[in-house]
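Using the sequences plus the hints, can you model the full thing?
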Amino acid sequence: MPKITFIDADDTARTVEAEVGATVMETAIRNGVPGIEAECGGACACATCHVYVDEAWREAVGEPEPMEEDMLDFAFDVRPSSRLSCQIRVRPELDGLVVRTPERQG
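Residue 76 in numbering that gives the first Met the number 0 sits at position 77 of the sequence shown, and the numbers go up by one each step.
There's no promise every hint is true.
DEER-style ranges, computed between Cβ atoms [said to hold, decoys possible]:
#: 1; residue 1: ASP10; residue 2: GLY31; range: 13 to 23 Å
#: 2; residue 1: LYS2; residue 2: ARG57; range: 12 to 22 Å
#: 3; residue 1: PRO65; residue 2: ASP9; range: 27 to 37 Å
#: 4; residue 1: MET0; residue 2: ASP69; range: 28 to 38 Å
#: 5; residue 1: GLY95; residue 2: THR11; range: 10 to 20 Å
#: 6; residue 1: GLY40; residue 2: ARG103; range: 12 to 22 Å
#: 7; residue 1: GLU16; residue 2: ASP72; range: 28 to 38 Å
#: 8; residue 1: GLY95; residue 2: ASP10; range: 17 to 27 Å
#: 9; residue 1: ASP53; residue 2: VAL19; range: 17 to 27 Å
#: 10; residue 1: PRO65; residue 2: ASP10; range: 26 to 36 Å
#: 11; residue 1: GLU38; residue 2: GLU68; range: 17 to 27 Å
#: 12; residue 1: MET0; residue 2: PHE73; range: 27 to 37 Å
These are computed hints drawn from the structure, not numbers from a lab.
Ideal Cβ placement from N, Cα and C applies to all residues, glycine included.
Next comes the structure, spelled out in C-alpha cells:
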C-alpha cells in the first residue's frame, strides 16, 4: 500500500497507508489526520480538504482541473502547490507522497 505523509501547520508529520483508488482526502479521514475537514464529503463542492503538495511531488500529482481551481478560490492561503485532497486519487506511483495542511481550512 502506498504511504502518504501529512504535515500539519506545526510541522507534525503523520505517515499513513493509503488504499490505491481512494483519494488523499479519504485516506486522511480514515486515519484521523487533523486539518482535513472535508465538509462536502469529497464532492469538490467546498475547500475544506485543501493541502499543499510538496514540490518534489507536484509533477506526479498533476495540475488541478478547472472545477477544482474554482473551488480553490474559497480556500485559505492558496499557493501554487495548492490542491484539494479529494481530487487526488491514490496511485502506486504516489507512494511516499508528502502534503502539508494549511493553518486553517477555508
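Against the structure, the hints come out as follows:
1. ASP10 - GLY31: 13 to 23 Å: Given range 13 to 23 Å: holds, Cβ gap about 18 Å.
2. LYS2 - ARG57: 12 to 22 Å: The hinted range 12 to 22 Å holds for LYS2 and ARG57, with Cβ atoms some 18 Å apart.
3. PRO65 - ASP9: 27 to 37 Å: 33 Å, holds
4. MET0 - ASP69: 28 to 38 Å: About 32 Å separates the Cβ atoms of MET0 and ASP69, which means 28 to 38 Å holds.
5. GLY95 - THR11: 10 to 20 Å: Holds: the Cβ-Cβ distance is about 18 Å, inside 10 to 20 Å.
6. GLY40 - ARG103: 12 to 22 Å: 20 Å, holds
7. GLU16 - ASP72: 28 to 38 Å: For ASP72 against GLU16, whose Cβ atoms are near 32 Å apart, the range 28 to 38 Å holds.
8. GLY95 - ASP10: 17 to 27 Å: At roughly 18 Å between Cβ atoms, ASP10 and GLY95 fall inside 17 to 27 Å, so the hint holds.
9. ASP53 - VAL19: 17 to 27 Å: Because 20 Å falls inside the window, the suggested range holds.
10. PRO65 - ASP10: 26 to 36 Å: 33 Å, holds
11. GLU38 - GLU68: 17 to 27 Å: 19 Å, holds
12. MET0 - PHE73: 27 to 37 Å: Taking Cβ atoms as reference, MET0 and PHE73 lie about 32 Å apart, which means the hint holds.
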